[in-house]
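Peer 1: What the sequence shown shows, in this note's numbering, is residues 4 to 91, in sequence order.
Hints in this document: simulated from the structure, not taken from any laboratory.
Among the hints, a few may not be true.
[Unchecked claim] Here are the simulated EDC-like cross-link-like pairs (lysine to aspartate or glutamate), alpha carbons at most 20 Å apart as the crow flies:
1) Lys64 to Asp74
2) Lys36 to Asp62
3) Lys47 to Asp61
4) Lys87 to Asp74
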Amino acid sequence: GKSTYSHVLPSLISICSTLSFKSPFVLPFGKEKEADMAKKNYGKGLFSDHLLFVKVLDDYKDKINYSCRGDLSQWLGKYYLSGKTLEM
């Protein structure tokens with residue numbers, strides 16, 4: 004029969020994919036504190052960077068599928084995320 008854990012497979016795949024790539028978060032010179040604070044706020048309530056990366060990837064997929072390009076750019080900038088890294 005179908006595994007009772009099949010619902011976690013997409014998240015597990017997302018976590019594994021982040022292990023082979025660099026972090027989607029960027030630290031622009033002179034804005035390190037702002038970028039770190041944005042990352043902490045985005046991951047509030049999560050218990051690891053791996054879970055944060057799953058959230059980022061899920062939200063990114065939603066943004067590219069259901070938002071206009073301007074919304075995606077604004078979201079990337081607000082949370083100091085690299086669109087190039089997330090495209091991989």
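Peer 1: Hint by hint, say whether it matches the structure.
Peer 2: Status of each hint after checking the structure:
Straight-line distance between C-alpha atoms of Lys64 and Asp74 comes to about 13 Å, which keeps the hinted pair within the 20 Å bound. Restraint check for Lys36 and Asp62: the C-alpha separation of about 23 Å exceeds 20 Å, so the hint is violated. For the given pair, Lys47 sits about 16 Å from Asp61 by alpha-carbon distance, which is consistent with the 20 Å threshold. Distance restraint check for Lys87 and Asp74: the Cα-Cα separation of roughly 16 Å lies within the 20 Å cut-off, and the hinted pair is therefore satisfied.
In this structure, only the earlier hint numbered 2 is contradicted, and the remaining ones agree with it.
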